[in-house]
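Heads up: the protein sequence lines correspond to chains A and B, in order. At position 68 of the first sequence (counting the first as 1) the number is 68 in our numbering, and the numbers step up by one without a gap. At position 57 of the second sequence (counting the first as 1) the number is 57 in our numbering, and the numbers step up by one without a gap.
Treat the hints loosely; a few may be bogus.
[Claimed, not checked] List time: in silico SDA-like cross-link candidates among lysine to any residue, alpha-carbon distance up to 20 angstroms:
1. 693/B x 30/A
2. 92/A x 7/B
3. 693/B x 126/A
4. 92/A x 11/B
5. 693/B x 82/A
6. 623/B x 449/B
7. 92/A x 449/B
8. 92/A x 497/B
9. 153/A x 129/A
10. 92/A x 18/B
11. 4/A x 41/A
12. 92/A x 512/B
13. 693/B x 70/A
14. 470/B x 440/B
15. 153/A x 143/A
16. 10/A x 527/B
17. 92/A x 645/B
18. 70/A x 126/A
19. 163/B x 93/B
20. 693/B x 130/A
21. 92/A x 78/B
22. 103/B x 64/B
23. 551/B x 583/B
24. 230/B x 395/B
25. 10/A x 41/A
26. 70/A x 28/A
27. 551/B x 582/B
28. 445/B x 435/B
29. 693/B x 120/A
30. 92/A x 163/B
31. 693/B x 10/A
32. 693/B x 119/A
33. 92/A x 82/A
34. 693/B x 28/A
35. 92/A x 24/B
36. 92/A x 445/B
37. 92/A x 701/B
38. 92/A x 644/B
Since the hints were made in silico from the structure, they are not lab data.
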Amino acid sequence: MPVKFEVNGKPVEVEVEPRLTLADCLRHHLRLTGTHVGCEHGVCGSCTVLVDGAAVRSCLLLAVQAEGAKVVTVEGLSLEEGLTLLQASFRKHHALQCGFCTPGMITTAHALLSEEPDCDADRVREVLSGNLCRCTGYISIVEAVLDARSAYKRDGKGA
Amino acid sequence: MRTVNAFVGQPIERLEDFRFVRGRGQYVDDLARNDMLHAAILRSAVAHGRIRTIDVSRAKKVPGVHAVITAADLGDPIPLVPMRLQPMPEFEAFGQPVMARDKVRYVGEALAMVLADSAGVAEDALSAIEVDIEPLPAVANWQSAAKNETLLFENKDSNVTMKFRAVLGDAAAAFKDAPYTRRESFSTQRHTALPMEPRGLLAEWDAASGRLTLSGAAKVLFANRRILAKQLGLAVDAIDMVEYDVGGSFGARGEFYPEDFLIPFAARHVGRPVKWTEDRREHLMTMNHAREAACDVEIACARDGTILGLRGHAFVDMGAYMRTNGAVGARNIAQFMSGAYRVPNIDLDVSLLLTNKTPVGTYRGPGRFETDFFRERLLDMAARDLGIDQIEFRRRNLVREADMPYKVATIAPFEHKDELDSGDYQVTLNRCLGEFGWAEKEKLKGKLIDGRYHGLAVCCFIEGGAAGPKESARLVLETNGTLTVYMGSSGVGQGLETAFAQIAADAMDMPMDRINQVFHGSTTYVSDGYGSYHSRSIVMGGSAVLDAATKLRAAMSAEAARRLNCGAAEVVLADGRATAPDGKSVSWAELAPEPLSVEGAFSNHKHTWAYGAHAAHVAVDPKTGAVALIDYVAVENCGRMINPLTLKGQLVGAVVQGLGGAFMEHLAYDENGQLLTGSLADYLIPTASDFPKIRGFVMESHPSPINPLGAKGAGEGGIISVGGVIANAVADALRSLGVEPRDLPLSPSRVWQLVQDAK
Numbered sequence: 001m002p003v004k005f006e007v008n009g010k011p012v013e014v015e016v017e018p019r020l021t022l023a024d025c026l027r028h029h030l031r032l033t034g035t036h037v038g039c040e041h042g043v044c045g046s047c048t049v050l051v052d053g054a055a056v057r058s059c060l061l062l063a064v065q066a067e068g069a070k071v072v073t074v075e076g077l078s079l080e081e082g083l084t085l086l087q088a089s090f091r092k093h094h095a096l097q098c099g100f101c102t103p104g105m106i107t108t109a110h111a112l113l114s115e116e117p118d119c120d121a122d123r124v125r126e127v128l129s130g131n132l133c134r135c136t137g138y139i140s141i142v143e144a145v146l147d148a149r150s151a152y153k154r155d156g157k158g159a
Numbered sequence: 001m002r003t004v005n006a007f008v009g010q011p012i013e014r015l016e017d018f019r020f021v022r023g024r025g026q027y028v029d030d031l032a033r034n035d036m037l038h039a040a041i042l043r044s045a046v047a048h049g050r051i052r053t054i055d056v057s058r059a060k061k062v063p064g065v066h067a068v069i070t071a072a073d074l075g076d077p078i079p080l081v082p083m084r085l086q087p088m089p090e091f092e093a094f095g096q097p098v099m100a101r102d103k104v105r106y107v108g109e110a111l112a113m114v115l116a117d118s119a120g121v122a123e124d125a126l127s128a129i130e131v132d133i134e135p136l137p138a139v140a141n142w143q144s145a146a147k148n149e150t151l152l153f154e155n156k157d158s159n160v161t162m163k164f165r166a167v168l169g170d171a172a173a174a175f176k177d178a179p180y181t182r183r184e185s186f187s188t189q190r191h192t193a194l195p196m197e198p199r200g201l202l203a204e205w206d207a208a209s210g211r212l213t214l215s216g217a218a219k220v221l222f223a224n225r226r227i228l229a230k231q232l233g234l235a236v237d238a239i240d241m242v243e244y245d246v247g248g249s250f251g252a253r254g255e256f257y258p259e260d261f262l263i264p265f266a267a268r269h270v271g272r273p274v275k276w277t278e279d280r281r282e283h284l285m286t287m288n289h290a291r292e293a294a295c296d297v298e299i300a301c302a303r304d305g306t307i308l309g310l311r312g313h314a315f316v317d318m319g320a321y322m323r324t325n326g327a328v329g330a331r332n333i334a335q336f337m338s339g340a341y342r343v344p345n346i347d348l349d350v351s352l353l354l355t356n357k358t359p360v361g362t363y364r365g366p367g368r369f370e371t372d373f374f375r376e377r378l379l380d381m382a383a384r385d386l387g388i389d390q391i392e393f394r395r396r397n398l399v400r401e402a403d404m405p406y407k408v409a410t411i412a413p414f415e416h417k418d419e420l421d422s423g424d425y426q427v428t429l430n431r432c433l434g435e436f437g438w439a440e441k442e443k444l445k446g447k448l449i450d451g452r453y454h455g456l457a458v459c460c461f462i463e464g465g466a467a468g469p470k471e472s473a474r475l476v477l478e479t480n481g482t483l484t485v486y487m488g489s490s491g492v493g494q495g496l497e498t499a500f501a502q503i504a505a506d507a508m509d510m511p512m513d514r515i516n517q518v519f520h521g522s523t524t525y526v527s528d529g530y531g532s533y534h535s536r537s538i539v540m541g542g543s544a545v546l547d548a549a550t551k552l553r554a555a556m557s558a559e560a561a562r563r564l565n566c567g568a569a570e571v572v573l574a575d576g577r578a579t580a581p582d583g584k585s586v587s588w589a590e591l592a593p594e595p596l597s598v599e600g601a602f603s604n605h606k607h608t609w610a611y612g613a614h615a616a617h618v619a620v621d622p623k624t625g626a627v628a629l630i631d632y633v634a635v636e637n638c639g640r641m642i643n644p645l646t647l648k649g650q651l652v653g654a655v656v657q658g659l660g661g662a663f664m665e666h667l668a669y670d671e672n673g674q675l676l677t678g679s680l681a682d683y684l685i686p687t688a689s690d691f692p693k694i695r696g697f698v699m700e701s702h703p704s705p706i707n708p709l710g711a712k713g714a715g716e717g718g719i720i721s722v723g724g725v726i727a728n729a730v731a732d733a734l735r736s737l738g739v740e741p742r743d744l745p746l747s748p749s750r751v752w753q754l755v756q757d758a759k
């Protein structure tokens with residue numbers, strides 16, 4: 001069946017099976033492979049995207065449920081050239097190693113900082129506890145997110 | 001060794017991060033081909049049984065299905081997954097067929113494979129396959145395996161595949177006259193590496209040229225290519241193994257699994273590209289498990305705490321088959337139980353037993369996490385018995401700088417000898433205690449504060465690295481004067497591109513931004529490569545870069561000498577130019593009218609030994625069994641640091657993985673061999689809120705004498721001590737109750753039970 005929604009500011013129309021997840025639709029139909037699938041049961045958070053501004057697990061949402069929604073992926077949170085301040089902060093703090101969980105971390109952190117630019121370390125840990133990372137031990141990720149708060153206080157865009 | 005450098009030793013931010021943070025990494029499941037088919041694999045739901053029939057006729061009729069493959073399609077004999085490390089003839093009878101034909105031996109073993117237009121259709125068709133298996137009694141743990149009442153291989157008379165023995169000195173004599181001995185039993189639980197990216201492969205067969213390309217290969221691509229070529233009856237150079245971004249390995253990903261044969265076989269079978277990506281449930285039941293071991297071990301000491309000997313017997317649950325590197329953990333448990341300490345007399349047996357569970361392989365710090373838990377628990381018990389402070393006890397027994405190189409126990413039957421290369425283990429212990437603030441915290445030991453008992457512990461470790469025999473690197477001076485680096489080492493997320501670029505830039509005396517890219521892993525890049533395991537890439541690959549750089553500079557000097565009419569030895573290569581003594585010069589670009597390519601290598605049969613110490617402060621709630629980690633410090637000395645930023649990342653990340661093993665992670669099975677933890681909702685790994693205070697400190701001194709960088713492999717030291725230091729800290733907290741943890745994980749229910757049992 002056809003589904004229409006917006007991805008990273010552009011309208012898309014896709015013909016999908018009703019059972020197709022939004023994650024698979026983004027990755028395999030729209031070829032936005034920055035969104036990763038790590039568990040397919042909503043635990044690991046690697047597939048996190050923004051749907052109408054909220055961080056959601058795209059493996060738990062069917063593509064047809066996105067009808068009319070504004071979807072933003074890690075690609076949509078990136079610049080053509082260079083890094084956003086949030087991304088640069090991840091790099092500066094060595095908040096990633098293999099990079100597989102990173103898009104989910106970036107989208108989750110972006111959603112948090114957009115809503116709560118003054119959040120403290122405990123709040124960052126609480127929100128990120130839904131995103132699993134096997135490489136870093138999280139310490140550097142929390143530092144990176146805290147260090148990026150200033151960008152969101154200024155203009156709310158993370159740039 | 002070069003003495004002037006600009007990049008090695010600096011905390012350079014990683015080059016690979018530019019693609020990862022923007023979602024531009026490329027992992028194997030991101031690949032697509034227009035005409036590709038998708039594979040799904042039917043897995044045994046029975047732990048042990050005889051296969052009567054597998055009927056795929058209905059599955060073949062499902063619309064969109066192109067083929068269904070069972071063992072009957074694979075020829076006779078069915079290829080076996082071989083042993084890559086320690087390939088002893090005794091293990092061959094216990095090899096795993098790439099698909100089960102006569103028997104199944106664990107839940108998750110492959111029975112059939114469907115190839116279809118989509119992954120969804122392939123999975124649908126799996127449910128149309130009818131399987132009839134006659135169940136046999138399941139061997140669910142090593143204790144029942146040892147009884148040999150049910151045999152996994154009926155043609156063998158035992159479930160014990162091998163017994164290793166580690167020997168040093170004369171343990172019998174040492175124990176005979178020892179003034180103090182203590183004998184204890186300990187165990188560690190089955191858990192697994194769990195990289196975040198599931199396994200996947202994309203195989204492409206070109207019938208016209210008879211060539212196979214396998215994307216998604218990882219860790220040891222050249223070794224796996226040799227295995228696959230033999231199994232498929234192809235020449236080795238008819239196969240290209242291609243590495244994309246790899247979402248973690250930790251020892252487990254990139255070993256040769258049954259699917260590494262099945263997917264290429266399928267692509268050749270149907271003549272179309274075939275892609276397969278496992279789901280997390282498959283991952284938990286098919287990727288190498290690790291760490292399930294027990295031991296009965298005895299220590300002998302003099303009254304002053306000097307360790308006189310260690311002896312005992314360890315038992316390792318190998319799962320259903322002996323495959324790839326499965327014996328490494330068992331070997332390490334025996335050979336390195338002495339760890340960082342002088343133990344002059346050792347006699348340790350380790351039995352490798354088969355059970356109806358997923359086969360085991362290496363997981364970061366294989367055998368070392370287990371054996372350090374056993375030993376460090378025993379050391380704290382002995383220190384307390386002897387009335388010696390736990391730190392002083394360790395100080396007295398650490399291997400001394402003057403003892404280097406220090407010989408450890410020799411392992412039989414393959415007579416593997418090893419020796420610790422260099423270092424001052426007292427320095428890292430002191431640094432750890434200082435950073436931790438032991439002196440200030442000491443007053444908390446055993447104290448009950450607001451309903452929680454506080455405890456401290458410190459442990460010392462060694463970490464083996466730099467496995468031989470060799471690694472290769474190829475440097476190419478491009479026509480524009482830039483450099484491209486090709487490596488035999490494999491990237492698994494650890495940041496090789498940055499580290500090798502640092503090493504290459506210094507060795508070539510050039511800025512890092514004149515290096516185009518570091519390519520690694522794939523079999524197309526160098527003539528022979530050995531990959532990434534045993535904390536080997538920096539030492540082996542980095543030293544190969546130095547060799548290649550020396551050769552490239554020699555070639556550049558020779559070419560410059562020809563053009564500038566001077567001696568090659570007189571040419572100065574700096575700032576992108578080659579300059580003769582008379583001041584005339586040519587640019588590097590002019591030296592390479594065609595790309596100038598040289599290959600270098602480094603060979604080595606000795607190991608490096610990074611070392612350090614961990615300290616932990618816990619608070620235990622005796623009413624709930626919950627253990628809060630208040631503070632944790634890990635210190636590691638790696639001889640010479642290449643990049644302190646990524647080195648610290650390895651250390652802290654490994655500590656938190658270890659905390660998962662110490663507190664949470666458990667691949668639990670029931671008595672029928674059913675895996676009870678088949679999702680990430682059941683198999684718990686650390687999250688961002690579990691362990692908020694972990695502090696890592698990296699050091700360099702005592703460069704390794706066995707490689708030109710002076711570096712020591714350091715990707716595993718962060719995990720080795722964790723089980724031991726946590727259990728000792730819990731014991732310290734609950735010492736007024738007489739609680740002695742002997743088994744991991746220290747889940748709240750286990751700690752609560754220990755408190756109840758002590759009452």
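How the hints compare with the structure:
For the hint pairing residue 693/B with residue 30/A, the CA-to-CA distance comes to about 41 angstroms; that exceeds 20 angstroms, so the pair is violated. With a C-alpha separation of about 17 angstroms, the suggested pair residue 92/A and residue 7/B falls inside the 20 angstroms cut-off, and the hint holds. Taking the CA atoms of residue 693/B and residue 126/A, the gap is about 14 angstroms. The hint holds against a cut of 20 angstroms. Note on residue 92/A and residue 11/B: the hinted pairing holds, with a Cα-Cα distance of about 10 angstroms set against a maximum of 20 angstroms.
Taken as a hint, the residue 693/B and residue 82/A pair is broken in the structure, with Cα atoms around 32 angstroms apart against an allowance of 20 angstroms. Annotation: proposed proximity of residue 623/B to residue 449/B holds, straight-line Cα distance about 13 angstroms (limit 20 angstroms). As the CA atoms of residue 92/A and residue 449/B are separated by approximately 39 angstroms, the hinted pair breaks the 20 angstroms bound. For the given pair, residue 92/A sits about 16 angstroms from residue 497/B by alpha-carbon distance, which is consistent with the 20 angstroms threshold.
Among the hinted pairs, residue 153/A with residue 129/A is inconsistent with the structure: their alpha-carbon atoms are about 23 angstroms apart, more than 20 angstroms. Of the supplied pair hints, the one linking residue 92/A and residue 18/B holds, its CA atoms being roughly 11 angstroms apart against a limit of 20 angstroms. A threshold of 20 angstroms between alpha carbons decides the hint, and for residue 4/A with residue 41/A the separation of about 25 angstroms lies outside it, so the pair is violated. For a cut-off of 20 angstroms, the pair hint linking residue 92/A to residue 512/B stands: about 18 angstroms separates their Cα positions.
Our distance criterion of 20 angstroms between C-alpha atoms is broken by residue 693/B and residue 70/A, whose separation comes to about 38 angstroms. Using a Cα cut-off of 20 angstroms, the hinted pair residue 470/B and residue 440/B is violated, with the two alpha carbons roughly 47 angstroms apart. Taking the CA atoms of residue 153/A and residue 143/A, the gap is near 17 angstroms; set against the 20 angstroms cutoff, the hint holds. Taken as a hint, the residue 10/A and residue 527/B pair is broken in the structure, with Cα atoms around 46 angstroms apart against an allowance of 20 angstroms.
The hinted pair formed by residue 92/A and residue 645/B meets the criterion: a straight-line CA distance of about 9 angstroms does not exceed 20 angstroms. Restraint check: the Cα-Cα separation between residue 70/A and residue 126/A comes to about 26 angstroms, which exceeds 20 angstroms; the hinted pair is violated. For the hint pairing residue 163/B with residue 93/B, the CA-to-CA distance comes to about 15 angstroms; that is within 20 angstroms, so the pair holds. Proposed proximity of residue 693/B and residue 130/A is supported: the alpha carbons are some 19 angstroms apart, at most 20 angstroms.
A threshold of 20 angstroms between alpha carbons decides the hint, and for residue 92/A with residue 78/B the separation of about 50 angstroms lies outside it, so the pair is violated. In summary, the hint linking residue 103/B to residue 64/B is not supported, as the alpha carbons are separated by about 30 angstroms, beyond the 20 angstroms threshold. Distance restraint check for residue 551/B and residue 583/B: the Cα-Cα separation of roughly 24 angstroms exceeds the 20 angstroms cut-off, and the hinted pair is therefore not satisfied. In summary, the hint linking residue 230/B to residue 395/B is not supported, as the alpha carbons are separated by about 52 angstroms, beyond the 20 angstroms threshold.
For a cut-off of 20 angstroms, the pair hint linking residue 10/A to residue 41/A is broken: about 28 angstroms separates their Cα positions. With a CA separation close to 19 angstroms, the supplied pair residue 70/A and residue 28/A stays within the 20 angstroms bound. Using a Cα cut-off of 20 angstroms, the hinted pair residue 551/B and residue 582/B is violated, with the two alpha carbons roughly 24 angstroms apart. For the given pair, residue 445/B sits about 17 angstroms from residue 435/B by alpha-carbon distance, which is consistent with the 20 angstroms threshold.
A threshold of 20 angstroms between alpha carbons decides the hint, and for residue 693/B with residue 120/A the separation of about 15 angstroms falls inside it, so the pair holds. For the suggested pair residue 92/A and residue 163/B, the alpha carbons sit about 48 angstroms apart, so the restraint of at most 20 angstroms is broken. At roughly 42 angstroms between alpha-carbon atoms, residue 693/B and residue 10/A are farther apart than 20 angstroms, so this suggested pair is violated. Distance hint between residue 693/B and residue 119/A is fulfilled; the C-alpha atoms sit about 18 angstroms from each other, no more than 20 angstroms.
Proximity of residue 92/A to residue 82/A is assessed by CA-CA distance (about 14 angstroms); at most 20 angstroms being required, the pair is judged to hold. Between the alpha carbons of residue 693/B and residue 28/A the distance comes to roughly 39 angstroms, so the proposed pair goes past 20 angstroms and is violated. With a C-alpha separation of about 18 angstroms, the suggested pairing of residue 92/A with residue 24/B holds against the 20 angstroms cut-off. For the suggested pair residue 92/A and residue 445/B, the alpha carbons sit about 37 angstroms apart, so the restraint of at most 20 angstroms is broken.
As the CA atoms of residue 92/A and residue 701/B are separated by approximately 26 angstroms, the hinted pair breaks the 20 angstroms bound. Restraint check for residue 92/A and residue 644/B: the C-alpha separation of about 13 angstroms stays at or below 20 angstroms, so the hint holds.
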